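Build the full structure now, drawing on both the sequences and the hints.
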Amino acid sequence: MNNKNKNPEHAIGSKGEAVLSRRNLLKGVGLSGAALMTAGSGSIIAQSSDPAASPARIRVLEAFETLTAAESAALDAFASRILPSDDGTPGAHEARAVHFIDRGLTGAMAASREQYAEGLVALDEHAMQVGGSAFYQLSASEQDAIIEAMTQSAIPDFPMLNAGFFNLVRNHTIEGTFSDPYYGGNRDFIGWDLIGYPGVRVMSTPEDVRLGKDLAPSRQSAYDMPTHTKDPVAAPAGGVSHGH
Amino acid sequence: MATELPRTDVVVIGLGAVGGVAVLPLVNAGLNVIGLEAGGWMTARDFAPDEIRNNIRDWPQAVPKAKNEIPTSRANINFEAVQGGGHPMMNGVGGTSLHYWAQSWRLNPWDFKTVSETTKRYGAHRIPADSTVEDWPITYDDLEPFYDRVEYALGVSGYAGNVNGTLQPNGSQFEGPRSRPYPMPGLRSSGFTDMMSDAARQLGWNPFQGPAAINSEIYGNRPGCFYHGFCDRGGCHATAKSSTAVTTIPEAMKSGLLKVVTHARVLKIVNDADGRVTGVEYLSGNQVLFQPADAVLLASHTYENARLLLLSKSREFPDGLANNSGQVGQHYLSHHQGAPVLALFPKNLNNWYGLPAQGVAIDEWADDNFDHSDLDFIGGGNLWAHTDRKPISAAKMSTFDLVPTWGAKWKAFISENADRTNTSYIQKTTLPYRGNYLDLDPQVKDKLGFPVIRITAELRDNEKRIAAFTQERMEEWYRAAGAVQIVRTGLGTAMGPSTHAYGGTRMGDDPSTNVTDRFGFAHESPNLGVLGASVMGTSGARNPTLTAQALAWRTAEHLANNWDTITR
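Chains as they are written, first to last, in the working numbering: chain A, 4 to 247; chain B, 16 to 583.
Please keep in mind that the hints were generated in silico from the structure rather than gathered at the bench. For clarity, every value in this text was computed on a predicted model and none was experimentally measured. The beta-carbon is built from N, C-alpha and C at its ideal position, and this holds for glycine as well. Any given hint could turn out to be false.
[What the hints assert, rightly or not] Negatives, chain A to chain B, calculated, CB over 12 Å:
(1) L64
(2) A66
(3) N165
[Unchecked claim] Here are the simulated EDC-like pairs of lysine to aspartate or glutamate, each with C-alpha atoms no more than 20 Å apart in a straight line:
(4) K411/B - D196/A
(5) K424/B - D217/A
(6) K424/B - E145/A
(7) K424/B - D234/A
(8) K362/B - D217/A
Right under this line is the structure:
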């Protein structure tokens, strides 16, 4: 990424290829293709009402950094039963929680990578045994029955499908749905809207914290604030001061 | 062989919550001070409102030292100690005062005199038989001037309850007399805290906004709090939190007498044949440097204070510096702050932008503020209803056994109730006991090959009984405020790694049961001072930082005032 670009939102390279800006990475890396296999796929750019974004057709198909196609399909289906969207409102799938998990597994959550590999393979094998197809292809009620058994650690043939694995995926699904969108989930602030969190902001007024006050959502990532950017070039003057 | 640097007057090991305070009275007395800090400076850019970074991924990430010296922990000697969880310590100029909640309480006078006051009121048999608790060698009144200095030097907001013996309606009716009010009024209330205050008054209790080292208005060159709600394990982007990194340390640097050395990893405190300390060996990059000094103030965290002493072995101190008594690591305790009560209310509380230090306190059930004649414990707990809420933790809320923990019903539940819960914070009197201690782990080492600290400690009956009793009071309070569901959590077991860790270099007049004397200097090494909660012998029912800071100021001032006798 070109740190010298002061306005990465509108940075477009030659031949219509986008230079990937941070905001585009947040919101845009879910394009067509591999729709069946991937979490939260669907063309965000096409839905965007931002005219500056529409020419930025990033020539990147859906990608995961560490999860395999099969793993991502199983995990997305799993996360979608933890926080479903069949009630008509967006859930973990739409929030792209699996993208958060995928990115986390290459970094801060790397210690869990092996557990995901073993657990998701076991999930598909167990699904094949009881339902004749991969987990993501089972019906919702079949999936729920497997997850319920998992929470009881009651799948003797696959001991890795236990309450510990369930809790791991549940925690990460929550984190992926409700974290700052910078981390790849909580797309379009789906998670924050779901629980009525009006979003990160620099300050709140005394009136903002009275009972009954209904605040309009801030609709920003912490890293949309210049105060907190980690970009060494874009940082405001004095941002590296030592307080003395 | 270490490269020897030019001599200085005082070396302070660790520029955190306590070392960062102590440097100010030292330079005010004209002493040359070198502050060795294992971390670096952090800035507003590091302090984003980011729950993943602050709270989930064990903020801050850039603390290689603290992260690979996490203590191991076991309840008692029948278990093997294991390492795990987050690091309770912090490397960085300002230390834990960067990311703490900043609640800044004075201890109650009773906490200094637990043994004698309990004996006088109820009889000596009421001291738990297995406890090693002693009266502190100093009283609340001895420490009061130093509490006052720190409150004004840092900037603490709050409402006094007792000014020179005159009770004030807006503060704690049980606090010890203070010489003047806080420098700033308390942090603002919110809809939720007002609701809790009203409920407490219905119960006949006296609620008050608790004190915080956070500006409630402009103080010096720093602004008042912006109330954006990410204090917990988050630094303050606005410098409204009165961390030592933005208060006493820069103030001391103005004198030109304080030299801050960052990324300095102290390996050993060196002593001479008389047992007096001569300086400090530290690692800078790949170089081992020796910083000679006339006096050394050890100001790392409780765990690291004990560890560095135990690692600083010499001919004179084969079991670790100042440890020929075998007392280093003894009388350890970590604060019983667990066992909360959870409440669910039938309406939104609008707590999304609250701070953990912005809350309402009840002191009626703390310390010896109520009659224990017919109870089976001594001490008590400070009830704290506060306003901190962030989205991930909100979504991970208890389901109060009303719905499953996943699926459509759960989704509907959190969607409705994410802003309707509150979790109490009850800090409880915690005592030292035989069998609870710190030592060096026989197996687990940090990346340099030095053993980490091993905690062997568990809560005893007195702490669990306080927990059960205060949970009942907390439930009453929540019910009075309209809570419709209540969960009381377990009463607690082991005393694992905690930011609220005490003892290991306890302060006392008797050198056979205490490492440091009444001024915080080692009995066995008189020009070595120890700063931090490691000198405290009881926890009280409130956060330790302000008390540790007042003690640090007192130790530093004592050193300056008695320079010739202490350094010879």
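- Against the structure shown, which of the earlier numbered hints fail to hold, in ascending order? Numbers 5 and 7 - these are the hints that the structure violates, sorted from lowest upward.
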